[in-house]
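> Residues per chain are reported as follows:
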Amino acid sequence: MVEISKITIANKVLRYAPILLLFISVLNEFDFNYLELKYFSFNFPFILIFYWSLKKSESLGYGLIFVSGLINDVVVGFPMGISSLAYLFICGSAAYFRNITLNPSLVKDWMFFLATILVVNSMIYSILVLFFSFSLNYNDLLVNLIFTFLLYVVCANLFEIYQRLVFGNQNV
Amino acid sequence: MDTSSRDDFVIAIRSAFLKKETKQRFSLVFLICLSLIFLGLTRIDFKPINYVKISIKEIVYRSSYVVSVPENYLKRTYQAIQSHFIIYNDYFEIKSEIEKLKSQKNVDQFVVNENERLKKIIDDYVADSDEIVAKIIIDKNSPFLRSLIVNKGSKNNVKLGMAVLDGNYLVGKVVEVNYLTSRILLLSDLNSKIPVIIEPGGSQSILSGTGRNDGIIQYMKENYIIEENSTIYTSGAGGLFKAGIPVGRIKIDELNKKNKKVDFFSDFSQLRFVKIKSFKKGND
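Which chain is which? The protein sequence lines are F and X, in order.
Letter by letter, the first sequence follows residues 1 to 172 of my numbering.
Letter by letter, the second sequence follows residues 1 to 284 of my numbering.
If we strip away everything but chain F, and leave its shape as in the complex, we get:
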C-alpha cells in the first residue's frame, strides 16, 4: 500500500514537473548571470511555456501561467501584469500553431517560436518604454532573444526525452 502511494506521489510530481519548473525558474531567475558572461542571457520561461503549450497543453494551466507571470514581475521589478501578458500570448501563439499544423516538426516549431518571441519581446519593449518610461538596453534584449531562440532546440530535445519517459509516446 505504502509502495503504491509512493509511486502515485512520484508520478504526480513527474507529471506536474513542467509547472514546478516554471515556478522555480520565475522565482529563481536562473540565468547564469553569476558566470558574468558578458553577452549571455536567455529567457527560460518562454521556452518552457511554448514547448509545453504546444506539445502537452494540459501540463501547464493557464491560470498558473498567469500567476507565474505576476511572480516574475515581482522578482524582476517590472510593472505587474507584463510577464503574464507575454506568457499568455506565447500560450495563445502555441495553441494557434498546434491548430494549424498537420505534420509537426522541430524546425517548424523552432521557426514559429522565433516569430513568437520576436512579437512578444517587441510588445514588452514597447509597453515598458512607451507606458512606463523604462530605459532598456536594446542590445541586451536582442542578445536575450537570440540565445532564447538558439537554446530552444536544446531544451525541446530534453523536454521530448522527458516526455517520452514520463508520458510515454502518447501525443508527441
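One or more hints might be untrue.
[Claimed, not checked] Sample of chain X residues facing chain F (criterion: CB under 7 Å; computed from the structure):
hint: 1; residue: Ser15
hint: 2; residue: Thr42
hint: 3; residue: Ile44
hint: 4; residue: Asn50
hint: 5; residue: Tyr51
hint: 6; residue: Lys53
hint: 7; residue: Lys57
hint: 8; residue: Ser64
hint: 9; residue: Val67
[What the hints assert, rightly or not] No farther apart than 25 Å at their CA atoms in a straight line, the calculated lysine to aspartate or glutamate pairs in the DMTMM-like style are these:
hint: 10; chain 1: F; residue 1: Lys108; chain 2: X; residue 2: Asp7
hint: 11; chain 1: X; residue 1: Lys251; chain 2: X; residue 2: Asp267
hint: 12; chain 1: X; residue 1: Lys193; chain 2: X; residue 2: Glu227
hint: 13; chain 1: X; residue 1: Lys251; chain 2: F; residue 2: Asp140
hint: 14; chain 1: X; residue 1: Lys258; chain 2: F; residue 2: Asp140
hint: 15; chain 1: X; residue 1: Lys261; chain 2: F; residue 2: Glu58
hint: 16; chain 1: X; residue 1: Lys193; chain 2: X; residue 2: Asp267
hint: 17; chain 1: F; residue 1: Lys108; chain 2: X; residue 2: Asp8
hint: 18; chain 1: X; residue 1: Lys75; chain 2: F; residue 2: Asp140
hint: 19; chain 1: X; residue 1: Lys173; chain 2: X; residue 2: Asp263
hint: 20; chain 1: X; residue 1: Lys173; chain 2: F; residue 2: Asp140
hint: 21; chain 1: X; residue 1: Lys251; chain 2: X; residue 2: Asp130
hint: 22; chain 1: X; residue 1: Lys193; chain 2: X; residue 2: Asp214
hint: 23; chain 1: F; residue 1: Lys56; chain 2: X; residue 2: Asp8
hint: 24; chain 1: F; residue 1: Lys55; chain 2: X; residue 2: Asp8
hint: 25; chain 1: X; residue 1: Lys173; chain 2: X; residue 2: Asp45
hint: 26; chain 1: X; residue 1: Lys193; chain 2: F; residue 2: Asp140
hint: 27; chain 1: X; residue 1: Lys95; chain 2: X; residue 2: Asp263
hint: 28; chain 1: X; residue 1: Lys261; chain 2: X; residue 2: Glu199
hint: 29; chain 1: F; residue 1: Lys108; chain 2: F; residue 2: Glu58
hint: 30; chain 1: X; residue 1: Lys275; chain 2: X; residue 2: Glu93
hint: 31; chain 1: X; residue 1: Lys277; chain 2: X; residue 2: Glu199
Keep in mind that the hints were calculated from the coordinates and are not lab data.
Even for Gly, the Cβ is constructed at its ideal location relative to N, Cα and C.
For this one, chain F is given, so just place chain X on it according to the hints.
Below, chain X alone, put in the same frame as chain F:
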C-alpha cells in the same frame, strides 16, 4: 487570401484564444484581459492594487529566497573558487598598499576633522541617521534591471530614497519599500542617475548606469579634461545623498575616448549585507 483560408485562420485563432481548452479553468482571452487590467491599474497607480502588490511581493521575495538557496550555494562556491585563484597574486600588492595607507591615514584624519568643522559652518549634510544593516535576500541581476531585495522594510524605518552603502562605498538607493522588505536600485542600472563630482578638478556631472557592471559619466561638456583613475564622489546636489561618498573610478574606453566609464569601488555581485542610511543637515 481566399475566403476559405481566411475562415481557417479565424477558426484557428478563435480556437486558440477564445475557446476554453479541456483541463483549463480559464480561457486565454480572459486571462490576457486580466493582465491588461493589472497593467492599466499599475500605470494609474491605483491604491488597492498597490496593497495587493505589496502582499504578493512580501510572499514572493521570501519564497524566492528559499528557492534560490541551491543556486546561491553554487554561485558562492564558483565565486569562492575563482577568488582563491587570484588571492595569492593580490596578497603582496595589498600588503604594500596597506603600508602606504597607514601612513596616509594619519594625514587624512586631520583633513577629515577640518572638513567636518567647515561643513558645519556652511550648513551642509554631515550628520548620519542611524544606519540600518540589511541582508540581501534576492540579487537577481536580470539583464534589464539591476536591483537587490533586502530584508528590511518600513517596519525598520526604511524610507524611499535612502542611500545604500557597502562599507563606505555607495551602491544604490531604495526605490521600493514594503513592510518587511525593500528593493534597492543599483548604480549600474540604466534607470539610475545620481549627481557626482569628479576629483581632482571638481567637475560636476551625472553618473548613469549602463545595465552592466559599470557606469558612465553623462551630461558633461567636452572641454573638461578627465584623467583615467579620477575618483568619483557624490556631489550632494539634489539633497538626496551627502557630498563625498566614494562611488568609483574613471576608466577611459580605449575604443572610444569620449566614453568615460566608471568602475565602481564596490563589487555588486558580491554583496551580502548593506547599510541603509539617510542624511540630514548638521543643525537639524
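> Please go over all the hints and tell whether each is borne out by the structure.
Structure-based check of all given hints:
A distance limit of 7 Å between C-beta atoms decides the matter here; for serine 15 of chain X the minimum to chain F is near 5 Å, and the interface restraint holds. Because the beta carbon of threonine 42 of chain X sits about 4 Å from the nearest beta carbon in chain F, less than 7 Å, this interface hint is met. The interface hint given for isoleucine 44 of chain X is violated, since its Cβ lies 11 Å from the closest Cβ of chain F, which is over the 7 Å cut-off. Among the interface hints, the one on asparagine 50 of chain X is violated; its C-beta lies about 10 Å from the nearest C-beta in chain F, farther than the 7 Å criterion.
The interface hint given for tyrosine 51 of chain X is broken, as the beta carbon of that residue sits about 12 Å from the closest beta carbon of chain F, more than 7 Å. Interface restraint check: lysine 53 of chain X against chain F, minimum CB-CB distance 6 Å, threshold 7 Å, status holds. Interface hint status for lysine 57 of chain X: upheld, as the beta-carbon distance to the closest one in chain F is roughly 5 Å, under 7 Å. A hinted interface residue such as serine 64 of chain X counts as satisfied when its beta carbon comes closer than 7 Å to some beta carbon of chain F; here the least separation is about 4 Å, so the hint holds.
Hint status for valine 67 of chain X relative to chain F: holds, with the closest Cβ pair at about 4 Å, below 7 Å. Pair hint lysine 108 of chain F plus aspartate 7 of chain X holds up; C-alpha atoms about 22 Å apart against a cutoff of 25 Å. A C-alpha spacing of about 15 Å is found between lysine 251 of chain X and aspartate 267 of chain X, which places the hinted pair at or below 25 Å, so the restraint holds. Between lysine 193 of chain X and glutamate 227 of chain X, the direct Cα distance comes to roughly 22 Å. Compliance with the 25 Å bound is thereby established for this hinted pair.
A C-alpha spacing of about 22 Å is found between lysine 251 of chain X and aspartate 140 of chain F, which places the hinted pair at or below 25 Å, so the restraint holds. Proximity of lysine 258 of chain X to aspartate 140 of chain F is assessed by CA-CA distance (about 22 Å); at most 25 Å being required, the pair is judged to hold. The suggested pairing of lysine 261 of chain X with glutamate 58 of chain F is violated, with an alpha-carbon distance near 50 Å, which exceeds 25 Å. A hinted pair counts as satisfied when its Cα atoms are at most 25 Å apart, and lysine 193 of chain X with aspartate 267 of chain X qualifies at roughly 18 Å.
As the CA atoms of lysine 108 of chain F and aspartate 8 of chain X are separated by approximately 19 Å, the hinted pair is consistent with the 25 Å bound. Between lysine 75 of chain X and aspartate 140 of chain F the CA atoms are separated by roughly 22 Å; this keeps the pair inside 25 Å, and the hint holds. Restraint check for lysine 173 of chain X and aspartate 263 of chain X: satisfied, since their Cα atoms lie roughly 18 Å apart, inside the 25 Å limit. Under the criterion of a C-alpha separation no larger than 25 Å, the hint pairing lysine 173 of chain X with aspartate 140 of chain F is consistent with the structure, at around 24 Å.
For the hint linking lysine 251 of chain X to aspartate 130 of chain X, the alpha-carbon distance of about 34 Å lies beyond 25 Å, and the restraint is violated. A hinted pair counts as satisfied when its Cα atoms are at most 25 Å apart, and lysine 193 of chain X with aspartate 214 of chain X qualifies at roughly 13 Å. A C-alpha spacing of about 23 Å is found between lysine 56 of chain F and aspartate 8 of chain X, which places the hinted pair at or below 25 Å, so the restraint holds. Restraint check for lysine 55 of chain F and aspartate 8 of chain X: the C-alpha separation of about 21 Å stays at or below 25 Å, so the hint holds.
Taking the CA atoms of lysine 173 of chain X and aspartate 45 of chain X, the gap is near 21 Å; set against the 25 Å cutoff, the hint holds. Restraint check: the Cα-Cα separation between lysine 193 of chain X and aspartate 140 of chain F comes to about 20 Å, which is no more than 25 Å; the hinted pair holds. About 22 Å separates the Cα atoms of lysine 95 of chain X and aspartate 263 of chain X, which keeps this hinted pair within 25 Å; it holds. Distance check on the hinted pair: lysine 261 of chain X and glutamate 199 of chain X sit about 15 Å apart at the alpha-carbon level, within 25 Å; holds.
Distance check on the hinted pair: lysine 108 of chain F and glutamate 58 of chain F sit about 22 Å apart at the alpha-carbon level, within 25 Å; holds. Taking the CA atoms of lysine 275 of chain X and glutamate 93 of chain X, the gap is about 28 Å. The hint is violated against a cut of 25 Å. Between the alpha carbons of lysine 277 of chain X and glutamate 199 of chain X the distance comes to roughly 24 Å, so the proposed pair stays at or under 25 Å and holds.
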